[in-house]
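Asks: Sequence:
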Amino acid sequence: MDFRDREYSRIKRFVLSFRFAFEGIVYLLKKEQNFRIHLLVGTAVLILGFLLGLSAVKMAILFLVIGIVLSLEAMNTGIERVVDLVTEEYHPLAKKAKDVSAAAVLIFSFAAAGIGFLFFFWPLVNLLF
2 MDFRDREYSR IKRFVLSFRF AFEGIVYLLK KEQNFRIHLL VGTAVLILGF
52 LLGLSAVKMA ILFLVIGIVL SLEAMNTGIE RVVDLVTEEY HPLAKKAKDV
102 SAAAVLIFSF AAAGIGFLFF FWPLVNLLF
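Read in my numbering, the sequence shown has 108 at position 107, and its numbers run on one by one without any break.
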């Protein structure tokens, strides 16, 4: 195998890695209700932020926070699928793994809601009153 073949192989692996990642996103959108809910709420939050004229820094923070919530939800799904692959029977450790990964999503979702409250409270109060 000469240099060009190795370089083509690297490029092919790189392109395939994106394809596999997009297949994961499609799976999440088709099969995972919680991912769709987080995506819908995140989209609504971003639209509201634009409509209220939040600063670029606040919008960047919202994008980051929403991305982290979606990423945690994806990781939670991955952990759940691996646990399901390892055992179909009830096992207390399998339950703990699933519960803890779900807790990670919940914990950060609460943090994201707190950030949203801080960013949106006064602009909404000023808009309504």
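You may find that some hints are simply not true.
Using 27 angstroms as the maximum straight-line C-alpha spacing, the simulated BS3-like pairs for lysine-lysine come out as follows [unchecked claim]:
| hint | residue 1 | residue 2 |
| --- | --- | --- |
| 1 | K32 | K99 |
| 2 | K97 | K13 |
| 3 | K99 | K31 |
| 4 | K96 | K31 |
| 5 | K32 | K97 |
| 6 | K99 | K13 |
To be clear, the hints were calculated from the coordinates, so they are not data collected in a lab.
The structure displayed is predicted, hence computed values, not measured ones.
Asks: It remains to establish, for every hint, whether it holds in the given structure.
Replies: Tested hints:
Between K32 and K99, the direct Cα distance comes to roughly 17 angstroms. Compliance with the 27 angstroms bound is thereby established for this hinted pair. Under the criterion of a C-alpha separation no larger than 27 angstroms, the hint pairing K97 with K13 is inconsistent with the structure, at around 38 angstroms. Note on K99 and K31: the hinted pairing holds, with a Cα-Cα distance of about 20 angstroms set against a maximum of 27 angstroms. Between K96 and K31 the alpha-carbon distance is near 24 angstroms, which keeps this suggested pair within the 27 angstroms criterion.
For the suggested pair K32 and K97, the alpha carbons sit about 22 angstroms apart, so the restraint of at most 27 angstroms is met. Taking the CA atoms of K99 and K13, the gap is about 34 angstroms. The hint is violated against a cut of 27 angstroms.
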